[in-house]
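Visitor: Spelled out, the chains give:
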Amino acid sequence: AQTVTQSQPEMSVQEAETVTLSCTYDTSENNYYLFWYKQPPSRQMILVIRQEAYKQQNATENRFSVNFQKAAKSFSLKISDSQLGDTAMYFCAFTQSYNTDKLIFGTGTRLQVFP
Amino acid sequence: SAVISQKPSRDICQRGTSLTIQCQVDSQVTMMFWYRQQPGQSLTLIATANQGSEATYESGFVIDKFPISRPNLTFSTLTVSNMSPEDSSIYLCSVLTGGLGQPQHFGDGTRLSIL
Numbered sequence: 001a002q003t004v005t006q007s008q009p010e011m012s013v014q015e016a017e018t019v020t021l022s023c024t025y026d027t028s029e030n031n032y033y034l035f036w037y038k039q040p041p042s043r044q045m046i047l048v049i050r051q052e053a054y055k056q057q058n059a060t061e062n063r064f065s066v067n068f069q070k071a072a073k074s075f076s077l078k079i080s081d082s083q084l085g086d087t088a089m090y091f092c093a094f095t096q097s098y099n100t101d102k103l104i105f106g107t108g109t110r111l112q113v114f115p
Numbered sequence: 001s002a003v004i005s006q007k008p009s010r011d012i013c014q015r016g017t018s019l020t021i022q023c024q025v026d027s028q029v030t031m032m033f034w035y036r037q038q039p040g041q042s043l044t045l046i047a048t049a050n051q052g053s054e055a056t057y058e059s060g061f062v063i064d065k066f067p068i069s070r071p072n073l074t075f076s077t078l079t080v081s082n083m084s085p086e087d088s089s090i091y092l093c094s095v096l097t098g099g100l101g102q103p104q105h106f107g108d109g110t111r112l113s114i115l
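For the record, the sequence lines run as chains A and B.
Going left to right, the first sequence walks through residues 1 to 115 as the working numbering numbers them.
Going left to right, the second sequence walks through residues 1 to 115 as the working numbering numbers them.
It is worth saying that the hints were derived from the structure and are not from the lab.
Note that the coordinates shown come from a computational prediction; the quantities given were computed from them, not determined experimentally.
Hints are not guaranteed to be accurate.
[To be verified] Lysine-lysine pairs mimicking DSS-like chemistry, simulated, CA-CA at most 27 Å apart:
1) A:Lys78 <-> A:Lys55
2) A:Lys73 <-> A:Lys102
3) A:Lys102 <-> B:Lys7
4) A:Lys102 <-> B:Lys65
5) B:Lys65 <-> B:Lys7
6) A:Lys70 <-> A:Lys102
[Stated by the list, open to error] Label-pair distances were calculated between CB atoms; the ranges are:
7) A:Lys55 <-> B:Ser18: 38 to 48 Å
8) A:Asn31 <-> B:Pro71: 45 to 55 Å
9) A:Met11 <-> B:Val3: 27 to 37 Å
10) B:Val62 <-> A:Gln56: 19 to 29 Å
11) B:Ile63 <-> A:Glu15: 19 to 29 Å
12) A:Pro41 <-> B:Gln102: 24 to 34 Å
Even glycine gets a Cβ: it sits at the ideal position worked out from N, Cα and C.
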């Protein structure tokens, strides 16, 4: 069965600095998709970034980028120039490329950005 | 992306009662899902809501406790039946609008507290 592990329950960073959130996963599949979602205190789940496993290039979205290491089954999120609005829970998620696109979530990392 | 309206946003209920949560999407979607997020925890998939047929439940969730309807491609309901304090959670609806590997988009969630 696929699993997603986030080993950092809490992280903190100063405004304008860079922080990296870790995520590892376990699967026997070769094709799959990985996501980072953000959940601010308002509790809405917001998509941050998406990575396709068959693409070597790391995905980027403005200040957010990933370091995808397929062989190591690692999918970390880097947030550059951190802003106060980045304070939230961050969830790493996995879905296989077939079947029902069922999302499997990690346990989350609580990120606090300090001024 | 689709606009998802989830109602109610929060409720406080007495044990033994039932509550129905609604999820309305502003466009037709291929798939709809219901998740539970217990306090301080990650998201766990309850079921996939199938249009015109019975929902597909994940291990640990049963239809008698969480009946789900999906009468059309834009609307679904989740009922939490015979509630106990252990059912106090955030319940989230999500939708899939694209093909394989596309991200799910989430409603704002329903915060449910059972007294």
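Visitor: Work down the list of hints and note, for each, if the structure agrees.
Guide: Hint by hint, here is what the structure shows:
A hinted pair counts as satisfied when its Cα atoms are at most 27 Å apart, and lysine 78 of chain A with lysine 55 of chain A qualifies at roughly 18 Å. For the hint linking lysine 73 of chain A to lysine 102 of chain A, the alpha-carbon distance of about 19 Å falls within 27 Å, and the restraint holds. Between the alpha carbons of lysine 102 of chain A and lysine 7 of chain B the distance comes to roughly 23 Å, so the proposed pair stays at or under 27 Å and holds. With a C-alpha separation of about 21 Å, the suggested pairing of lysine 102 of chain A with lysine 65 of chain B holds against the 27 Å cut-off.
Straight-line distance between C-alpha atoms of lysine 65 of chain B and lysine 7 of chain B comes to about 19 Å, which keeps the hinted pair within the 27 Å bound. Straight-line distance between C-alpha atoms of lysine 70 of chain A and lysine 102 of chain A comes to about 20 Å, which keeps the hinted pair within the 27 Å bound. As the Cβ distance of lysine 55 of chain A to serine 18 of chain B is approximately 45 Å, the hint placing it in 38 to 48 Å holds. The beta-carbon spacing between asparagine 31 of chain A and proline 71 of chain B, approximately 34 Å, falls outside the hinted interval of 45 to 55 Å.
The hinted range of 27 to 37 Å is satisfied by methionine 11 of chain A and valine 3 of chain B, whose Cβ atoms lie roughly 31 Å apart. Valine 62 of chain B and glutamine 56 of chain A have their C-beta atoms about 43 Å apart, which leaves the hinted 19 to 29 Å range violated. Distance hint check for isoleucine 63 of chain B and glutamate 15 of chain A: the Cβ-Cβ separation is about 48 Å, which falls outside the suggested range of 19 to 29 Å. In this structure, proline 41 of chain A and glutamine 102 of chain B meet the distance hint of 24 to 34 Å, their C-beta atoms being roughly 27 Å apart.
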